[in-house]
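Enquirer: Work out the full structure, taking the sequences as your base and the hints as a guide.
Line by line, the protein sequences are chains A and B. First residue of the first sequence? That's 49 in this note's numbering, and the numbers climb one at a time after it. First residue of the second sequence? That's 24 in this note's numbering, and the numbers climb one at a time after it.
Among the clues, some could well be false.
[Stated by the list, open to error] Derived EDC-like pairs: lysine to aspartate or glutamate, alpha-carbon spacing no greater than 20 Å straight-line:
id, chain 1, residue 1, chain 2, residue 2
1, B, Lys129, A, Glu156
2, B, Lys60, A, Asp49
3, B, Lys129, A, Glu151
4, B, Lys94, B, Glu25
5, B, Lys129, B, Glu62
6, B, Lys65, A, Glu156
7, A, Lys105, B, Glu25
8, A, Lys57, B, Glu62
9, B, Lys45, B, Asp72
10, B, Lys132, A, Asp88
11, B, Lys65, A, Glu151
12, A, Lys105, B, Asp50
13, B, Lys45, A, Asp88
14, B, Lys132, A, Glu156
15, B, Lys81, A, Glu151
16, B, Lys65, A, Asp88
17, B, Lys60, A, Glu156
18, B, Lys60, A, Asp88
19, B, Lys80, B, Glu102
20, B, Lys80, A, Glu151
21, B, Lys65, A, Asp49
22, B, Lys136, B, Glu106
23, B, Lys60, B, Asp82
24, B, Lys136, B, Asp40
25, B, Lys129, A, Asp88
26, B, Lys136, B, Asp107
27, B, Lys60, A, Glu151
28, B, Lys60, B, Glu79
I should point out that these hints are in silico values taken from the structure, not numbers from a laboratory. These figures come from a predicted structure and were not determined experimentally.
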Amino acid sequence: DSGVTQTPKHLITATGQRVTLRCSPRSGDLSVYWYQQSLDQGLQFLIQYYNGEERAKGNILERFSAQQFPDLHSELNLSSLELGDSALYFCASSVLQGASGGELFFGEGSRLTVL
Amino acid sequence: GENVEQHPSTLSVQEGDSAVIKCTYSDSASNYFPWYKQELGKGPQLIIDIRSNVGEKKDQRIAVTLNKTAKHFSLHITETQPEDSAVYFCAAMNYGGSQGNLIFGKGTKLSVKP
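Expert: Pasting the structure below:
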C-alpha cells in the first residue's frame, strides 16, 4: 500500500460526459502528479501541483483540468469525453517539489472507460 | 523536452536467467533516472534509481548502469524469479529544476517462465 488513495477505481461513462477523479496523497506529501496510462503510450505526464499551486504541465488536453485543495487532495476533471480518453489515470505524490527529491508514490489508478 | 525510449517492449526469460532492459534519453541535462515496476492491477513502484554522478548501482538482484556520454541507462535483473514478472518503466528528469515531472519510457513487459 503506497498510501495514495484514488477514487473511483473504475468508471464507465458515455462520450460527451464529464467526470471527476479524486486523489488523496500520502500524509505529509505536498506534491501531487497526474499521469495517464494507455496501452500504446505508456505513462504520460499530465500535470503537477505543489502545495496548492500548479508547478508543471505536460500533455494535458484543454478539456482536462485539475486542482489541489488546501487539504492537499487533488481532483482531475475530464470533460467532453471522447472514446480516446479511455485509460488508466494515476495519481502520484512526493514530499518535495521535484520528483527526484524523493520517490513518487503511485495510487492504484482510476480506470476510465468511455463508451 | 525530454524523450525516453525503452527497449524491448516485451521480454520473456526462463527462471534463473538474467534480464536486461535498455533506455535512452534525449536531454543531456537529465540527471536522475529511476526505474519503476508495475504489477498487474497496481500502480508503479520505485525499485531502484541512479543519479548522474554514479555509473552503476546495485541492490541485491537488480542493478542499473548509466552511460552519460551515450545517454543511455539499463536495468539488469539477475537470477530472475516468477515474481519478477511485471511491467518495468524507466524514467528521466532534470533534478533541481523547478519542474518535477518524470518522463517515462513506454514500458517493458517482463515474463519469467518457471
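Enquirer: Would you mind marking each hint as holding or not holding in the structure?
Expert: Cross-check of the supplied hints:
Pair hint lysine 129 (chain B) plus glutamate 156 (chain A) holds up; C-alpha atoms about 18 Å apart against a cutoff of 20 Å. This hinted pair checks out: lysine 60 (chain B) and aspartate 49 (chain A) have alpha carbons roughly 14 Å apart, not beyond 20 Å. Taking the CA atoms of lysine 129 (chain B) and glutamate 151 (chain A), the gap is about 19 Å. The hint holds against a cut of 20 Å. Distance check on the hinted pair: lysine 94 (chain B) and glutamate 25 (chain B) sit about 12 Å apart at the alpha-carbon level, within 20 Å; holds.
Restraint check for lysine 129 (chain B) and glutamate 62 (chain B): satisfied, since their Cα atoms lie roughly 15 Å apart, inside the 20 Å limit. Under the criterion of a C-alpha separation no larger than 20 Å, the hint pairing lysine 65 (chain B) with glutamate 156 (chain A) is consistent with the structure, at around 5 Å. Distance hint between lysine 105 (chain A) and glutamate 25 (chain B) is fulfilled; the C-alpha atoms sit about 13 Å from each other, no more than 20 Å. With a CA separation close to 16 Å, the supplied pair lysine 57 (chain A) and glutamate 62 (chain B) stays within the 20 Å bound.
Note on lysine 45 (chain B) and aspartate 72 (chain B): the hinted pairing holds, with a Cα-Cα distance of about 14 Å set against a maximum of 20 Å. A threshold of 20 Å between alpha carbons decides the hint, and for lysine 132 (chain B) with aspartate 88 (chain A) the separation of about 13 Å falls inside it, so the pair holds. Using a Cα cut-off of 20 Å, the hinted pair lysine 65 (chain B) and glutamate 151 (chain A) holds, with the two alpha carbons roughly 16 Å apart. At roughly 18 Å between alpha-carbon atoms, lysine 105 (chain A) and aspartate 50 (chain B) fall within 20 Å of each other, so this suggested pair holds.
Between lysine 45 (chain B) and aspartate 88 (chain A), the direct Cα distance comes to roughly 18 Å. Compliance with the 20 Å bound is thereby established for this hinted pair. A C-alpha spacing of about 18 Å is found between lysine 132 (chain B) and glutamate 156 (chain A), which places the hinted pair at or below 20 Å, so the restraint holds. At roughly 17 Å between alpha-carbon atoms, lysine 81 (chain B) and glutamate 151 (chain A) fall within 20 Å of each other, so this suggested pair holds. Restraint check for lysine 65 (chain B) and aspartate 88 (chain A): satisfied, since their Cα atoms lie roughly 18 Å apart, inside the 20 Å limit.
Simply put, lysine 60 (chain B) and glutamate 156 (chain A) have alpha-carbon atoms about 13 Å apart, close enough for the 20 Å limit, and the pair holds. For the proposed pair lysine 60 (chain B) and aspartate 88 (chain A), the alpha carbon gap of about 17 Å is at most 20 Å, so the pair holds. With a C-alpha separation of about 17 Å, the suggested pair lysine 80 (chain B) and glutamate 102 (chain B) falls inside the 20 Å cut-off, and the hint holds. Restraint check for lysine 80 (chain B) and glutamate 151 (chain A): satisfied, since their Cα atoms lie roughly 16 Å apart, inside the 20 Å limit.
Between lysine 65 (chain B) and aspartate 49 (chain A) the alpha-carbon distance is near 9 Å, which keeps this suggested pair within the 20 Å criterion. Straight-line distance between C-alpha atoms of lysine 136 (chain B) and glutamate 106 (chain B) comes to about 10 Å, which keeps the hinted pair within the 20 Å bound. With a CA separation close to 14 Å, the supplied pair lysine 60 (chain B) and aspartate 82 (chain B) stays within the 20 Å bound. Among the hinted pairs, lysine 136 (chain B) with aspartate 40 (chain B) is consistent with the structure: their alpha-carbon atoms are about 10 Å apart, no more than 20 Å.
The hinted pair formed by lysine 129 (chain B) and aspartate 88 (chain A) meets the criterion: a straight-line CA distance of about 8 Å does not exceed 20 Å. Simply put, lysine 136 (chain B) and aspartate 107 (chain B) have alpha-carbon atoms about 10 Å apart, close enough for the 20 Å limit, and the pair holds. The hinted pair formed by lysine 60 (chain B) and glutamate 151 (chain A) meets the criterion: a straight-line CA distance of about 13 Å does not exceed 20 Å. Taking the CA atoms of lysine 60 (chain B) and glutamate 79 (chain B), the gap is near 19 Å; set against the 20 Å cutoff, the hint holds.
Checked against the numbered hints above, the structure breaks none of them.
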